[in-house]
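Q: This is what each chain is made of:
Protein chains: 4
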Amino acid sequence: MRVTILTTGGTIEKTYNERDGSLRNYHTILLKMLATLRLPDLEVTYDQVVLKDSLEMTKDDRVRILQATQQALACSDAVMILHGTDTLVQTGELLHRELRDLFVPVILTGAMRPYEFRDTDALQNVIEALLAARLVSPGVYAVMHNRVLRFPGVRKDAERLTFTKL
Amino acid sequence: MRVTILTTGGTIEKTYNERDGSLRNYHTILLKMLATLRLPDLEVTYDQVVLKDSLEMTKDDRVRILQATQQALACSDAVMILHGTDTLVQTGELLHRELRDLFVPVILTGAMRPYEFRDTDALQNVIEALLAARLVSPGVYAVMHNRVLRFPGVRKDAERLTFTKL
Amino acid sequence: MRVTILTTGGTIEKTYNERDGSLRNYHTILLKMLATLRLPDLEVTYDQVVLKDSLEMTKDDRVRILQATQQALACSDAVMILHGTDTLVQTGELLHRELRDLFVPVILTGAMRPYEFRDTDALQNVIEALLAARLVSPGVYAVMHNRVLRFPGVRKDAERLTFTKL
Amino acid sequence: MRVTILTTGGTIEKTYNERDGSLRNYHTILLKMLATLRLPDLEVTYDQVVLKDSLEMTKDDRVRILQATQQALACSDAVMILHGTDTLVQTGELLHRELRDLFVPVILTGAMRPYEFRDTDALQNVIEALLAARLVSPGVYAVMHNRVLRFPGVRKDAERLTFTKL
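Protein chains in written order, with this note's numbering: chain A, 945 to 1110; chain B, 945 to 1110; chain C, 945 to 1110; chain D, 945 to 1110.
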């Protein structure tokens, strides 16, 4: 099983800067996360496509994610995208509209609390996304908090701090 | 979504006794594990059916697991079983033989390293089992290390410390 | 042994707000930290005196810390103060100037990385401060990163992200 | 400040073997522990003197620890010994008897729960021992659980799972 993971920054990848006390997207934390998992039968390729808070993502950034996904589709059994939760839905809807005739799943995930925190949901969500990558039919999905939500119609539930379907 | 989780002991549930330095099945660690996960749309019922090293499981213990599973099937969208890895395959094959006409999945999981250890695979496996519970078709499965293996024909790969299909 | 711990906020106590992604002083994390330690022979009293980034501390805040310390001295074998590192030195110098005729130690500590992060130095520093509280002679100290620095003359080494003596 | 750390196995250094489920002294965990601490002003030398459960220590093992300590004293500002708790007192009493005219401290520590466990007291005890190494006067000590106990007369309190003074 070959998975391509595209990283884009977002809350899940924010790290702490001890010099100025800021919490920002300084670098990807993907490899650190993967190193804690047991994935004996998974071939992972990854690419850092964007590195910013998803509230600051431009239309160009989203086009870049779309293009990177299209490229990855050619040589992957699934594509997974680490994304900020604030605009994950916008990117997901774009991918859903533009990626016609998908024959593998495209799975977006992220976290409500950065990976670097003790009580993060990052690992849970990445573990779930990597398992869903094996099980769901072709399509675009948000996977988080033990839920698998297929686009279109996914939305962030800001009250309950998770994602749901309309 | 309603999941019934049956606990049976095994490596995943072994805990350390500071008085004598032993590592044994003293009590279930299920609730401690679940407390670290975000499961906003999952209704969990649980039952401690057995509490021992799976190498010490008798035929009676396995029958008890079978009966508890049959009971749970009536009122659950999935049944998950925490089990020792040494004889997980035997219990899985028994469930596969005896549970005919399943209309929900039955998922066995466990860990190579107890939950109480820093580098445990317990959380990964439980997260995966709880997601697979939503996605796979009716049947009996072992879910662990990013793999979903359907009975019959599952075996423990003692060399690579994981499970595979024959 | 009776220790009074005064909390004032600072980096060590910053926590993450999942609603707006901010990292701020929302509440003290002292009890959460202490719950992870084994202190069979220590009687801890605590008081939240201030709750803010130490860069925002006013002269009034520092007077409040001084007064709380004076009160605590009467009934404690040591006073420990959780403090932001940016102005820990200013508070330490004030306490050193104002607290004459000390007969127990007053120990300031904090962290370069908040307690809520995986790679925090908070626990190390609190453990060290609580042990120094038993061992050092009366005086005002900064304790952090395996160093015990007596006021006056302590300074933050912004380059190496720790404290030293002039 | 130069500290020599002698490792001898014991509970603190027990690690889990996924092949047979045993918890034993397979290798030292000292460097893994130290890597999580901030010790900007500490020069650490270490030596694995013994590697076994302290209940299995022979008279010869203890003589080996004594000799390694004597050697280390010549070039260290303090000597710290990681030791199993079951016979830590015997080794401490031996060192106290044999090491006359000490001009630096010798500090024994260990843990009630191995370092590899989530809820271990290993890090607390090592942090305390390394700080005590800077502060106490020459002599032989057990340091653990926020207590600094000078030999002779230290004993393990098996009921409360800690050390005390007679």
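Rather than coming from a laboratory, the hints here were simulated on the basis of the structure.
Heads up, some of the hints might be wrong.
Copies of the same chain are indistinguishable here, so a pair counts whether it falls within one copy or spans any two.
As a list, the in silico EDC-like pairs of lysine to aspartate or glutamate whose alpha-carbon atoms are at most 16 Å apart [to be verified]: (1) Lys996 / Asp1030; (2) Lys976 / Asp1005; (3) Lys1109 / Asp985; (4) Lys1109 / Asp964; (5) Lys1100 / Asp1004; (6) Lys1003 / Asp1030; (7) Lys1100 / Glu962; (8) Lys1100 / Asp985; (9) Lys1100 / Asp964.
Q: Now look at each hint and say whether the structure bears it out.
A: Taking the hints in turn, this is what the structure says about them:
1. Lys996 / Asp1030: Classified as within; 12 Å inside a copy, 27 Å across copies.
2. Lys976 / Asp1005: For Lys976 and Asp1005, the Cα distance exceeds 16 Å both inside one copy (24 Å) and across copies (40 Å).
3. Lys1109 / Asp985: between (32 Å within a copy, 12 Å between copies)
4. Lys1109 / Asp964: Result: close neither inside a copy nor across copies, 39 Å intra and 22 Å inter.
5. Lys1100 / Asp1004: neither (22 Å within a copy, 43 Å between copies)
6. Lys1003 / Asp1030: within (15 Å within a copy, 39 Å between copies)
7. Lys1100 / Glu962: between (31 Å within a copy, 13 Å between copies)
8. Lys1100 / Asp985: This pair counts as between: shortest inter-copy Cα distance 14 Å, intra-copy 32 Å.
9. Lys1100 / Asp964: between (31 Å within a copy, 14 Å between copies)
Of the numbered hints stated above, those contradicted by the structure are hints 2, 4, 5, listed in ascending order.
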